[in-house]
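Here are the chains, one letter per residue:
2 protein chains.
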Amino acid sequence: MLSTTPRTTLGRSKERGSTDRDDLYEVLDTGLICHLGVVANGHPMVVPTGYGRVGDTLYLHGSTGAASLRAGTGTDVCVTVTHLDGIVLARSIFHHSVNYRSAMIYGRARLVTDPDERLLGLRALAEQLAPGQWDYVRRPSRKELAATAVLALSLEEASVKIRRGGPKDEDEDYDLPVWAGVLPLVTSWGTPEPDSVLPEGIEAPVHILHRE
Amino acid sequence: MLSTTPRTTLGRSKERGSTDRDDLYEVLDTGLICHLGVVANGHPMVVPTGYGRVGDTLYLHGSTGAASLRAGTGTDVCVTVTHLDGIVLARSIFHHSVNYRSAMIYGRARLVTDPDERLLGLRALAEQLAPGQWDYVRRPSRKELAATAVLALSLEEASVKIRRGGPKDEDEDYDLPVWAGVLPLVTSWGTPEPDSVLPEGIEAPVHILHRE
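These protein sequence lines are chains A and B, in that order.
201 is the number that the numbering used here gives to position 212 of the first sequence; each next residue is one higher, with no gaps.
101 is the number that the numbering used here gives to position 112 of the second sequence; each next residue is one higher, with no gaps.
In isolation and in its complexed conformation, chain A is listed as follows (with noise of 0.2 angstroms):
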């Protein structure tokens, strides 16, 4: 389950609600990038930037020199993924909708300095946006980790957003002679595209070829 808090308790649209953990798991772990916001200076700063989860724990990084980051450590944070599954398309303008699935986040993001965990955050991080990589290709060095902030943020505080189905229109509506239904949204991958550089005879691999 989880927690309930003033800022995780749904306003608006109680019925789109999910308070199961398993379906905030699935948002995140289907995810790519995520939307980090931040207050900086006073003002809200919104992101996209990469994460990854292990456990709950969401894990984000980046240069240790960016405004963003600074701003996040050891402040509020609240990261946001989205998914957007179609375009309901309803009898009336009024009652257009879309179809998603999110995730919102909110806690006190906080700096990883243990070497381990620091580890273990970059991988999640890595085989989020390429699984399969991080056993494939060079790992990062001691002064590339130096360069690499990675803030841990805690999955207490969550909630869930998902919309599914068909349009919900006025009774009167339904005898308009206008079509109505889902126009889906559909994401997948294209054909791996080489380095201009690659060598000739190095193929891709498998993990990259067939992703799912």
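Just so you know, these hints were derived from the structure itself, not from any lab.
None of these values were measured; they are calculated from a predicted model.
Computed footprint of chain A on chain B, listed as stretches where at least three residues anywhere in the stretch have a Cβ under 8 angstroms from a Cβ of chain A:
#, segment
1, 35 to 47
2, 69 to 79
3, 82 to 96
4, 174 to 180
5, 188 to 196
Partial selection, computed: residues in chain A whose CB lies under 7 angstroms from chain B:
#, residue
6, HIS85
7, GLU133
8, LEU172
9, VAL175
10, THR176
11, ALA193
By construction, the Cβ of each residue, glycine as well, lies at the ideal position given by its N, Cα and C atoms.
Given chain A, put chain B in place with the hints provided.
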């Protein structure tokens, strides 16, 4: 040209920044949802939501009761639109990246009260998600209009970041027997799914069937 302010001046990866207003329009006009960042009770909050553009104004909307809109009216917001175009697979974990196009807009959102501008904004919002629907389905009633808050945000203070192309590896890593390149992420429209109660004989119109 996009304006240069402390918030829109990139601290990192300056080569990815664009000051071309056409790039801003392209990122916004080809997107479907944005992530709206507000400060609510001192905490950052990032909410996925729809938007529409008319000239140099971005329109957002929501229920008049939504907490994120209440927090965002008359106060600073950050709106971020992100397209993820591919995963950049390098010869080292450190140089893994993503190809993306993103826009961040900063400003004070204005609650739109003029009836004509409210309609203009709602039309832009509808056409962004579902082009062609404004002229095809029932338009908002007086009651529906009263239940909808429309916010306007100037595009005056905005930044655009774009990354394209293959990996940039360390000189000594180019000799590694490792595949490197880009795995493109492709987003496309699926087959329209009719509402379960749609009467027989109503076919999906061309703007839905053949949406680009």
